[in-house]
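Visitor: Order-wise, the sequence lines are chains C and R.
Sequential numbering from 29 applies to the first sequence in this note's numbering.
Sequential numbering from 141 applies to the second sequence in this note's numbering.
Watch out, some of these pointers could steer you wrong.
[As the list claims (entries may be wrong)] Derived Cβ-Cβ restraints for the label pairs, each shown as a range:
| hint | chain 1 | residue 1 | chain 2 | residue 2 | range |
| --- | --- | --- | --- | --- | --- |
| 1 | C | 216 | R | 797 | 37 to 43 Å |
| 2 | C | 126 | R | 208 | 56 to 62 Å |
| 3 | R | 167 | C | 126 | 49 to 55 Å |
| 4 | C | 247 | R | 797 | 44 to 50 Å |
| 5 | R | 162 | C | 284 | 23 to 29 Å |
| 6 | R | 167 | C | 288 | 41 to 47 Å |
| 7 | C | 284 | R | 208 | 31 to 37 Å |
| 8 | R | 208 | C | 224 | 28 to 34 Å |
[Said to hold, decoys possible] Sample of chain R residues lacking proximity to chain C, with all beta carbon distances greater than 10 Å (derived):
| hint | residue |
| --- | --- |
| 9 | 176 |
| 10 | 177 |
| 11 | 178 |
| 12 | 180 |
| 13 | 182 |
| 14 | 183 |
| 15 | 187 |
| 16 | 189 |
| 17 | 204 |
| 18 | 285 |
| 19 | 499 |
| 20 | 544 |
| 21 | 549 |
By construction, these hints were calculated from the structure, which means they are not laboratory data.
Just so you know, even glycine gets a beta-carbon here, dropped at the ideal spot from N, CA and C.
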Amino acid sequence: MPADLLPPDLMAQLERLELVTRKVFRGRMKGERRSKKQGQSVEFADFRNYVPGDDLRSLDWNLYARLDKLIVKLFLEEEDLHVYVLIDASPSMGFGEPTKLEYAKQLAAALGFVGLVRSDRVVIDTLGQAAGAKGPVLRGRKSVARMLDHLASIEPTETTSLVDGVKKFCLRNRGRGVVVLITDLLDKSGYDAALRYLVGQRLDAYVIQVLSQEEIDPAMVGDLKLLDCEDDDFAEITVSRPLLDRYKRTLDAFTAGAQEFCSKRGLNYLLAHNELPVKTLLTNYMRRRGLVR
Amino acid sequence: MDFTFRNTLSPLQWGLIAATALGVFALYFLKLRRAPLEVPSTLLWKRAIDDLRVNSLWQRLRQSLLLWLQLLLLALAALALLRPGWKGSDVQGQRLIFLVDNSASMGASDAPANAQRLAAAKETVGNLIDQMDRGATGMIISFADQPRVVQEFTANTRLLRERLETITLTSRTTDLLGALKLADSLANPAQVAIEEGGVETPVVTPEPATLYLLTDGKFADVKDFSLGNLYPIHIPMGSLATNNLAILALSVRRSETNPASQQAFVQVANFSDEPRQIDVELTLDGIFLDARGAKVGAQEATGMTFALGEAAGGKLEARIATDSLTAAGDKLAIDNVAYAGINDIEPGKVLVVTPGNIALETALATDRTKRYGEITFQPPRILEEPEYQQAAATGAYDLVIFDRCTPKESPRANTVYIGELPPGPTWRDGENPAPKISVPQILDWNRAHPLLANIELGNFDIVDSLALPLPPGGVPLIDSADGPIAAVAPREGYEDVVLGFPILVAIDGKLQRNTDWINRHSFPTFWLNVLDYFVGERSEALRAGGQPGQSLAIKPVTNLREIEVALPTGRTTKLSRQGDEPFQLHDTDTPGVYTVSEAGTTTQRLAVNLFSRDESDIRPRTPTAAEGEAPTAITIGATAVGQAAPARQELWRPLLLAALVVLVVEWYIYNRRVYL
């Protein structure tokens with residue numbers, strides 16, 4: 029089991045966390061979480077009048093004796109949560125130290141671990157997966173090792189565009205749940221269409237944009253021909269203070285635009301960079317955003 | 141301030157420079173060499189570049205610091221090639237004549253950076269030559285007391301510059317007129333062709349020429365000169381606030397009271413605006429003799445007398461003390477020293493050949509006349525004796541007076557004939573005897589001649605006289621109604637004075653007066669003048685030397701054909717002569733003492749000194765300026781010559797330096813990748 033993805037001390041901290049969703053979902057199997065849905069568990073939720081067809085087992089006989097009315101006891105349903113982690117494994121994610129993909133894997137491992145510990149249904153996909161090829165569905169603490177192996181096998185070699193990858197993901201996974209998209213959003217065709225797919229899925233979607241430090245504060249000098257690692261595109265620049273300032277303003281505008289896009293459509297947006305520890309990201313930023321608690 | 145450019149390149153060459161600029165642009169934008177760098181995505185970079193592009197081209201260019209520096213470098217180089225300059229008059233005209241003053245006063249070191257005026261003038265001319273248009277021709281003439289063509293008209297500016305450097309400072313005085321005449325004759329040769337009808341047409345169409353006059357103006361205004369096609373521009377040299385101390389005269393004379401001893405007279409002048417203490421040191425052959433000091437007022441001169449005693453012959457040197465020079469800020473060195481040669485006192489020898497003339501004997505027997513030397517009276521029969529003939533042939537006498545007698549040959553000496561004509565045909569107008577006239581009426585006499593100085597001749601009568609035919613070069617001394625009755629004429633190296641009338645005549649064995657002149661004051665004065673002229677001052681004046689550049693006439697003591705002269709420069713030159721003419725020494729450019737040796741013995745010392753008030757008063761002429769016109773200091777003929785500022789200051793050197801700095805900055809930025 030690749031230990032660097034999930035160090036033991038992080039695991040110890042993650043044990044105490046659980047994934048939260050604000051939306052009402054129907055889990056397929058009984059889980060360990062109280063659902064907003066009413067169902068069958070030991071936890072009382074409410075009373076209501078009996079209507080024919082109700083399960084007689086849920087009648088509150090004590091109340092019938094006291095009030096001479098048929099009252100049904102309602103219990104909270106406990107169910108599992110579907111957690112999808114969608115990783116962008118395009119070549120652009122292979123930059124940085126550690127690479128953005130490494131960072132994304134660490135983050136996915138941490139989120140997956142939280143989910144597995146809470147018996148949620150965890151699916152870790154990449155954008156490049158074909159529509160029909162489903163990733164392994166993981167459940168329970170015993171699957172942690174499988175999850176880590178799966179993560180370790182992901183390489184930054186996929187050339188699918190963001191929108192195609194999200195579209196295929198949506199086709200593969202019709203169910204509801206929480207989806208965490210970890211990407212750098214640096215796609216020339218734009219991120220709007222891709223994120224709209226997520227909105228349309230009625231998923232509780234989180235977009236975590238991961239940038240490397242060299243993208244945030246480029247340390248380059250001279251006359252350069254910048255080659256895009258994903259296509260044959262290039263940009264000729266002469267590094268100068270105004271150009272760097274202009275780049276930073278462009279980057280700020282880009283991230284601000286993504287954040288605005290997400291917040292307008294009920295998506296959660298988080299900006300991370302590859303030197304921010306995963307632990308801090310989870311325990312501070314994500315807790316504040318309500319993904320974990 | 142007059143800021144001008146001077147194009148040095150042809151249109152084709154300018155085109156090349158423009159092409160270079162375009163090339164720099166093209167190379168910059170083509171950017172042949174860019175380091176490739178793989179990045180996650182060019183998305184944001186492209187957006188950033190696009191933003192800049194949208195902003196303006198300027199934004200794009202602003203980043204390209206190196207490009208800008210390269211273009212600036214090119215612009216500076218182009219500007220340097222345009223040769224900007226200021227503070228100068230443009231060179232006017234196609235024909236330029238540069239008249240460069242190289243007289244003694246141009247040696248004053250009051251030009252900027254303590255340079256000599258001549259150096260500054262040469263630099264100015266050099267700049268003007270640089271400014272000459274293509275096809276313009278220039279001529280250089282240097283002038284002091286004599287003009288010299290340094291370079292004829294040529295369009296070859298390199299040649300002009302080379303020849304310009306050959307102008308050297310002289311110790312001479314200034315004469316502008318000669319230089320103007322030379323310039324005029326060279327600029328506009330007066331060649332005419334006479335056609336058959338008799339119409340004169342100039343062969344050469346007169347062309348205007350611009351005359352650049354580089355002088356400090358220390359000369360008299362030129363009156364009688366018409367500039368014609370010459371358009372003069374005066375470029376004044378030197379500063380108006382210049383001080384100079386000068387020795388204007390140094391002479392050695394016998395003392396009036398004690399003929400055996402000598403005195404030196406020094407005249408010093410203070411050409412500054414404040415009274416100055418002037419100390420003069422006197423040395424003889426390098427040995428210090430005496431020093432005197434005097435307080436001399438501004439623009440004044442004063443004399444000093446040094447008693448030399450019975451000084452032996454040698455080189456006398458008077459020098460203004462260094463302290464005085466430093467205190468006054470003296471700028472001209474040449475007039476701080478004066479030279480004089482002290483010659484061993486040799487009393488003059490005068491022979492009077494007379495059958496007996498009490499009047500003449502009395503006139504020549506005064507104490508004053510005895511100072512000039514030994515005066516011997518001899519009867520005419522001595523003329524036949526070989527003793528006299530040898531002495532006469534060797535030039536032993538300074539003066540021989542023939543009273544009513546004539547030798548067979550003129551002696552090698554100055555002579556005075558009384559009542560007779562000298563031997564030979566020159567005074568005889570062929571073979572005709574001079575006509576005798578009776579009671580000539582004196583009309584006029586030559587007051588300007590030193591022989592008749594301080595003499596009134598209108599108050600006596602003459603009984604008989606000869607009407608003198610004037611020989612070539614002769615000057616009448618006394619004119620009568622019937623012609624000259626006294627005259628002086630040169631003969632080889634000597635002069636003959638002829639008085640046509642005897643003073644005493646023997647009638648019936650008794651001496652009688654032929655004129656009552658002997659009763660007048662003018663009679664002894666005349667004989668004193670004769671002694672002074674032939675024995676005393678004149679010879680001393682001759683031995684006093686002259687000014688630099690003037691030829692020295694050296695009258696030898698012996699009758700050698702060849703003498704040696706040691707020059708102050710240390711060189712020795714041999715002179716030879718024809719007949720009894722004095723030796724002529726032309727190489728007298730250096731002030732100092734010229735020592736004459738005859739057969740190995742030093743016989744004379746002649747001094748050459750500047751002694752010119754004009755040259756020593758080195759402050760340039762104060763220009764006067766009418767409103768709106770150039771200031772003028774010199775007048776040539778009726779033309780007031782406008783002054784022009786010195787030639788332009790060139791800017792291309794600092795521009796090239798700036799280009800070099802830009803190059804260094806560019807190199808630094810390229811290597812260090814300095815951000816703008």
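Visitor: Hints first: check each against the structure and report whether it holds.
Guide: Results for each hint:
no.	hint	result
1	C:216 to R:797: 37 to 43 Å	51 Å, violated
2	C:126 to R:208: 56 to 62 Å	41 Å, violated
3	R:167 to C:126: 49 to 55 Å	41 Å, violated
4	C:247 to R:797: 44 to 50 Å	37 Å, violated
5	R:162 to C:284: 23 to 29 Å	43 Å, violated
6	R:167 to C:288: 41 to 47 Å	44 Å, holds
7	C:284 to R:208: 31 to 37 Å	34 Å, holds
8	R:208 to C:224: 28 to 34 Å	47 Å, violated
9	176	5 Å, violated
10	177	5 Å, violated
11	178	5 Å, violated
12	180	4 Å, violated
13	182	4 Å, violated
14	183	5 Å, violated
15	187	5 Å, violated
16	189	6 Å, violated
17	204	6 Å, violated
18	285	72 Å, holds
19	499	117 Å, holds
20	544	118 Å, holds
21	549	108 Å, holds
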